[in-house]
Amino acid sequence: MSSKRIVNILAFVFVATVLLVPIIRKNAVPKPAFSEIYSMNTIIDIEVYGKNKEKTLSEIVQKINEINKLTDDFSKDSDIYKINENAGIKPVKVSSITLDMIKKSLNIARETGGAFDISIYSVSKIWGFKSGDYRIPTETEIQKALKLVSYKDIVLDSKKQTVFLRKRGESIDLGGIAKGYTLDAIKKILDRNNAKSALINMGGNVLTYETPPEGKFWNIGIRNPRGEGIIGVLKIEGTKFISTSGDYERFFTKNGIRYCHIMSPFTGKPARKIISDTVVSNKGYLGDALSTAFFVLGKEYALNNAKKFGVEVVGFDLNMKPFYTTDLNNIIELRK
Amino acid sequence: MKTGDKFLLLILAILVILTVGTGIISQRSSRDKIIVIKSDGKTVKQIPLKRGISKSFEIKSREGHLTVEIKDGKVRVVNSTCKDKLCVKEGWIDKIGESIVCLPNRISISITGGGTDKIDTTTY
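Residue numbers (the numbering used here), protein chains in the order written: chain W, 1 to 336; chain V, 337 to 460.
To be clear, the hints were calculated from the coordinates, so they are not data collected in a lab. Computed from a predicted model, the values in this text were never measured in an experiment. No false leads were slipped in.
In silico EDC-like cross-links for lysine to aspartate or glutamate, where the CA-CA straight-line distance does not exceed 16 Å:
1. W:Lys4 to V:Asp341
2. V:Lys407 to V:Asp430
3. W:Lys125 to W:Asp73
4. V:Lys454 to V:Asp430
5. W:Lys196 to W:Glu210
6. W:Lys235 to W:Glu333
7. W:Lys103 to W:Asp173
8. V:Lys421 to W:Asp133
9. W:Lys51 to W:Asp191
10. V:Lys425 to W:Glu228
11. W:Lys93 to W:Asp77
12. W:Lys187 to W:Glu59
13. V:Lys421 to W:Glu249
14. V:Lys410 to W:Glu228
15. W:Lys63 to W:Asp191
16. V:Lys454 to W:Glu214
17. W:Lys130 to W:Asp173
18. W:Lys130 to V:Asp420
19. W:Lys63 to W:Asp184
20. W:Lys125 to W:Glu141
21. W:Lys152 to W:Glu111
22. V:Lys431 to W:Glu228
23. V:Lys421 to V:Glu399
24. V:Lys454 to W:Glu333
25. V:Lys369 to V:Asp430
26. V:Lys425 to W:Glu249
27. V:Lys378 to W:Asp45
28. W:Lys103 to W:Asp157
29. W:Lys104 to W:Asp157
30. W:Lys269 to W:Glu141
31. W:Lys152 to W:Asp173
32. W:Lys125 to W:Asp173
33. W:Lys76 to W:Asp173
34. V:Lys431 to V:Asp408
35. W:Lys188 to W:Glu66
36. V:Lys419 to W:Asp133
Turn these sequences into a full structure, and let the hints guide you.
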């Protein structure tokens with residue numbers, strides 16, 4: 001090869017590299033429209049890819065704020081506050097979103113034999129999980145509060161669009177379903193705007209939308225319930241909802257016993273069958289509510305009933321031993 | 337080959353090695369851990385999390401402020417104007433995917449990174 005040719009080839013490689021590197025880089029990692037907001041009593045990260053990403057993002061933020069306004073049980077303007085204030089007094093007219101969310105809650109309550117019950121509020125209150133002043137109530141207090149826990153006392157009138165709690169003192173709280181439900185609404189917005197790809201994390205409830213900007217799978221870490229970092233990774237393909245319930249998010253310990261924020265509607269005490277469970281679902285509201293129900297009912301129920309609900313589940317028993325449905329075999333990587 | 341040709345050849349060879357080399361190196365560096373700090377929803381700081389770096393600084397938001405400490409490849413919040421101090425109680429974090437969130441102050445500190453350890457987000 002003549003030296004001139006070598007010079008030519010090298011010159012070509014140089015120019016090509018200089019020109020191509022920025023183009024390749026730019027194409028390799030498209031920039032999302034991104035926002036981190038604080039709503040629904042948690043931190044929410046939203047990233048959207050696609051042509052209309054900015055418009056899509058602002059529609060999503062609007063939707064989150066709209067649902068938060070309706071369901072925030074601390075806010076006097078919310079549907080939930082009004083329903084609770086009028087317990088045992090009169091039915092309250094609510095928005096179609098609130099009505100739909102309560103309807104779905106009642107369906108899951110029936111299908112899980114009452115393990116998921118939005119009327120658990122009275123019990124959560126006496127353990128201090130509403131105010132943050134944690135305490136262990138007396139057995140009498142627990143029995144009294146349990147009398148006010150029954151999803152069967154929630155009366156819906158779809159025609160009049162009203163909700164009524166039968167007994168005075170009864171109250172409801174949509175904390176176990178609202179985030180998942182909102183993710184369903186967000187998915188609709190993404191569909192409507194033809195989004196290319198998106199990732200939403202609402203306080204641990206995740207929506208993966210379509211294919212990630214890089215690679216084939218979304219790598220979703222599962223937080224280690226007893227230590228730092230993550231304990232496993234789910235390789236999620238396409239659009240899925242991932243929800244986790246665990247005893248490590250909000251809890252207090254007394255005399256070496258851990259009391260977590262997820263209450264069993266059967267005992268009126270914190271559920272203590274497993275440490276955590278993560279549900280992978282095609283519906284946000286379902287995954288959110290089922291992760292709570294599975295946490296209350298434990299490992300056997302979760303493994304035996306996941307298929308019936310069309311979901312997958314991975315969890316950790318009280319000895320931190322993992323358990324999961326067989327279909328997760330290929331997409332889960334557990335770390336030691 | 338003339339001297340001028342040899343010179344040109346050498347220069348071009350160096351340039352090619354440099355451009356390709358920096359491309360590879362900068363790709364490798366994307367695998368390092370990065371601390372991303374957001375306040376009121378906006379990214380206010382991005383710091384590489386390396387063993388050698390140790391410093392502490394203040395992060396402000398509309399709601400208040402807190403002090404972040406970086407040491408031995410770990411990050412924590414040392415004090416905060418918030419009421420519950422959950423961010424301080426969280427302690428040190430040092431792994432990709434971990435984060436400390438101060439809800440009252442609307443400040444978040446998270447560790448991200450690329451490469452084989454890549455995690456898109458974490459469920460909890």
